[in-house]
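Trainee: Sequence:
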Amino acid sequence: MPYDKSNPKSIEAYAKRLLEKSLREAIGGNIVQKYSGKGKLGQALEDLYFNYTPNSKAEPDFPEAGVELKTTPLKKIRKGLVSKERLVFNIIDFNEEYKWGFIKSSFWKKNHLLLLMFFLHEQDKLDLDYIFKIITLWEFPAEDLKIIKDDWEKIVSKIKAGKAHELSEGDTLYLGACPKGANKGSLRKQPFSDTMAMQRAFSLKSKYLNFIIERYLAGERFKINQKNYEKVLGNDYNVSEPNVKYKKLDLDDVEPAVKSIKDYKEGETFEDLITRRFSKYYGKSEKELINELGLNKSKAKSKFYLIARSIMGVKTGKIEEFEKADVEMKTIRLEHSGTLQQSMSFGQIQFKEIINEEWEESFWFNTLTKRFFFVIFQKDTAGELRLKKVMFWTMPANDLQIAKAFWIDTRGKIRNDDYTHFIKISDKRICHVRPKGRNSKDKMQTPTGRMEKKKCYWLNSSYIKQVIS
DNA sequence: GCATGATCATGC
DNA sequence: GCATGATCATGC
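If you read the first sequence in my numbering, its first letter stands for residue 1, the second for the next number, and so on.
No lab work stands behind these hints: they were computed from the structure.
Beta carbons are placed, not taken as given, at the ideal position from N, Cα and C, and that holds for glycine.
There's no promise every hint is true.
To be verified - Keeping only pairs whose Cα atoms sit at most 30 Å apart, straight-line, the calculated DSBU-like set for lysine-lysine is: (1) Lys-265 to Lys-370; (2) Lys-154 to Lys-79; (3) Lys-70 to Lys-21; (4) Lys-180 to Lys-453.
What the hints assert, rightly or not - Here are the simulated distance ranges between beta carbons: (5) Lys-104 to Thr-381: 39 to 45 Å; (6) Ser-345 to Glu-292: 26 to 32 Å; (7) Asp-263 to Pro-63: 34 to 40 Å; (8) Tyr-419 to Met-196: 34 to 40 Å.
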């Protein structure tokens, strides 16, 4: 064997020979037909390159080394290379996963040490011809692992409560429970309820992967037990990396809100900690906040973000945890009476895209299954906005079904070239369609080639009011 | 007072 | 130039 199967560094070094190559180039000759087609790259690698039989066992792919092999696609954007999709781990066995703690969980047993192999996905290429761009061992930094463990606990607590059918990716921050299976409709039994639940797998959010990518491109390398590994490394495995110039990912500067594990109080989750930091400022007016936090008289648009960021302990750039978890922060302003000043707007409806979308891949589904962070202000009797409270939130499964019906209706209207009968706020269906553009002449092309006023997705103010009360 | 349409301001 | 968050204007 060209590598030491009990030595993670050796496995990594051998894997790195694939950098800037495709599997076909590395192996040469004919490749057995059974490994063509979507999703077969990982299996082909295991069988043809690492020479072991692919398995779907509970243990890692390289059991002696405790290493789990993961292949995952990159895509090119203007800034460089980013993750194309979430990284999917093992399927969650609802009937087993809750029985033991995190350390003994199927997730941790299998995935505590990953060999990540990122390849560049290109249209019209077969899997075997994708070029590997990033190959690295990966284990989670302690600060991230804390959040991942809490995420796992949250998923398991929902199973224990007989609510596996209500799981959503937006329940958690880094480790998600994503839909998995043929047409995403595969149903599984759960132990504490008779309701069938959608089959789900553990997954890492695509945004989280971008941070792994960036750290790698910035030159950070896998460091655990380096000395121990180096002692047993023979020259055979000492493969230097090809001299390839990567463009460093130009992600925005980020700073973590939690600087150290020690920031947590006993039993606290990340969300508890953030809420605690905000609660000290409840009741303060906008002006008081700006003064106390020592902020410059802020520009109107980013004012609320700057206040929130500062309370969280982040001085410049963006909030790292929120970026990784793809948390959507929204400011909500309430009248003194408690009603919302306005409904909540989201992205534009892409007329040409929505007609070809399926619900679980749609823009609206992906938006609503995010984790939200609401920062809520309310006007006092003098009309001054004061911080009322903050909350993390994800749309409950029942409401998501209403949003789905709304989305199907909207897609249908656009398919029928009907732009005048969208669901309105007065229909009280949680969400509605409303115009939003530079002005009424700001238009977008329809699938039929006409031009129509730009529209966007909204959540009804009355719905948000009910959610936050 | 609310629904609906429209537009402004900012930053990428 | 355009998307996005914020906000305004009008009419029922």
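Trainee: For every hint, state whether the structure bears it out.
Mentor: Verification of the hints:
1. The straight-line distance between the Cα atoms of Lys-265 and Lys-370 is roughly 26 Å, inside the 30 Å bound, and the hint therefore holds.
2. Using a Cα cut-off of 30 Å, the hinted pair Lys-154 and Lys-79 is violated, with the two alpha carbons roughly 35 Å apart.
3. The straight-line distance between the Cα atoms of Lys-70 and Lys-21 is roughly 17 Å, inside the 30 Å bound, and the hint therefore holds.
4. Between Lys-180 and Lys-453 the alpha-carbon distance is near 37 Å, which puts this suggested pair outside the 30 Å criterion.
5. Roughly 56 Å separates the CB atoms of Lys-104 and Thr-381, a value that falls outside the hinted 39 to 45 Å.
6. At roughly 30 Å, the beta-carbon separation of Ser-345 and Glu-292 lies within the given 26 to 32 Å, and the hint holds.
7. Distance hint check for Asp-263 and Pro-63: the Cβ-Cβ separation is about 36 Å, which falls inside the suggested range of 34 to 40 Å.
8. At roughly 38 Å, the beta-carbon separation of Tyr-419 and Met-196 lies within the given 34 to 40 Å, and the hint holds.
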